Amino acid sequence: AQTVTQSQPEMSVQEAETVTLSCTYDTSESNYYLFWYKQPPSRQMILVIRQEAYKQQNATENRFSVNFQKAAKSFSLKISDSQLGDTAMYFCAGDMNYGGATNKLIFGTGTLLAVQP
Amino acid sequence: DSGVTQTPKHLITATGQRVTLRCSPRSGDLSVYWYQQSLDQGLQFLIQYYNGEERAKGNILERFSAQQFPDLHSELNLSSLELGDSALYFCASSARQGGTDTQYFGPGTRLTVL
Numbered sequence: 005a006q007t008v009t010q011s012q013p014e015m016s017v018q019e020a021e022t023v024t025l026s027c028t029y030d031t032s033e034s035n036y037y038l039f040w041y042k043q044p045p046s047r048q049m050i051l052v053i054r055q056e057a058y059k060q061q062n063a064t065e066n067r068f069s070v071n072f073q074k075a076a077k078s079f080s081l082k083i084s085d086s087q088l089g090d091t092a093m094y095f096c097a098g099d100m101n102y103g104g105a106t107n108k109l110i111f112g113t114g115t116l117l118a119v120q121p
Numbered sequence: 006d007s008g009v010t011q012t013p014k015h016l017i018t019a020t021g022q023r024v025t026l027r028c029s030p031r032s033g034d035l036s037v038y039w040y041q042q043s044l045d046q047g048l049q050f051l052i053q054y055y056n057g058e059e060r061a062k063g064n065i066l067e068r069f070s071a072q073q074f075p076d077l078h079s080e081l082n083l084s085s086l087e088l089g090d091s092a093l094y095f096c097a098s099s100a101r102q103g104g105t106d107t108q109y110f111g112p113g114t115r116l117t118v119l
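These protein sequences, in sequence, are chains A and B. At position 38 of the first sequence the residue is numbered 42 (my numbering), and the sequence of numbers has no breaks. At position 65 of the second sequence the residue is numbered 70 (my numbering), and the sequence of numbers has no breaks.
Some hints here could point you the wrong way.
[What the hints assert, rightly or not] Stretches of chain B that chain A covers, calculated by requiring three or more beta carbons in the stretch to come under 8 Å of a beta carbon on chain A: (1) 37-50; (2) 60-68; (3) 88-100; (4) 107-116.
[Said to hold, decoys possible] Non-contacting residues of chain B with respect to chain A, defined by C-beta distances greater than 12 Å in every case (computed): (5) Thr12; (6) Thr18; (7) Val24; (8) Gly33; (9) Ser84; (10) Ser85.
I should point out that these hints are in silico values taken from the structure, not numbers from a laboratory. Keep in mind it's a predicted model, so treat the numbers as computed, not measured. Backbone N, C-alpha and C define an ideal beta-carbon position, used for all residues, glycine too.
Okay, chain A solo, but in the shape it has when bound (with noise of 0.2 Å):
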C-alpha cells in the first residue's frame, strides 16, 4: 500500500530560526511526485513545493527547500528564516500513480508549525 506519514504532530521555532519538518513514504513506484503543502488558519491549501523523483537535485522555492532521500524514501522540508507567516499546518502528500489514469494525492496526517516571536 502507499502511504505518507508524519511523524512530528507539532513543532516550534523562534522566528528567523530555520526547521525541519519529516516525511516518510512508501511505494513500490520507481518514479512518482511528491509535495508539500501549507495549510495557514485560513484552511487555504497552498503549494510550497515540489519534488519529482527522478530528478536527485533537491527542489528549492526562496526559503524552503527539501532533502529528498529516495533510497530512504525521506522527503523533509527545510524553512530558513522563519517568519511569523510560517505558522500553519504543513502536509506532505505524494502522487505515486505516474503514468496511471489517476493522479491523486496521498497526504500524511500534517505537522502543526508553530513560528514564535
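Add chain B to chain A, keeping to what the hints say.
Chain B in isolation, oriented as in the chain A frame:
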C-alpha cells in the same frame, strides 16, 4: 488565489438532508479532484474527473456522488447526511491526467451537519 473557486464557503444543514457543493477549476484545467478533510480521517481523496469522465474513486460513500459538466465545473452531491459528514470539502484542479501535474486547491466548503 489558486484560481479554483468553490461555493458555498459554509453550509449548515440537518441530518438526512441533501446538499450540493460546486467547484470551478482553474482556466484550462481538465482534471477536478474532490477531497474531504475531517478531524478523524484527515485529508482523503474522494473522486477525480477528467474532461467530464470519472477517472478514479477513493473513499467515497455511496450516498455521495459527483459529476463534471461540459464547461468543466464540477459538483459534489451529498445525500442522507449524517453528523459524521461534517468536514471541510476541497476541490482541486490540474491540467492533465497521467504523468503528473500539480494540483491547486480551492478555498474549501465547510459543511456542518446538525
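So, going through the hints one by one against the coordinates:
1. 37-50: With 6 residues in contact (Cβ-Cβ under 8 Å with chain A), the coverage given for the segment 37-50 of chain B holds.
2. 60-68: holds (count 3)
3. 88-100: That given contact holds, which follows from 4 residues of the segment 88-100 of chain B lying within Cβ reach (below 8 Å) of chain A.
4. 107-116: holds (count 7)
5. Thr12: holds, 15 Å
6. Thr18: holds, 19 Å
7. Val24: holds, 19 Å
8. Gly33: holds, 16 Å
9. Ser84: Correct as stated: the minimum Cβ-Cβ distance to chain A is 23 Å, above 12 Å.
10. Ser85: It holds; Ser85 (chain B) is separated from chain A by about 25 Å at its closest Cβ, greater than 12 Å.
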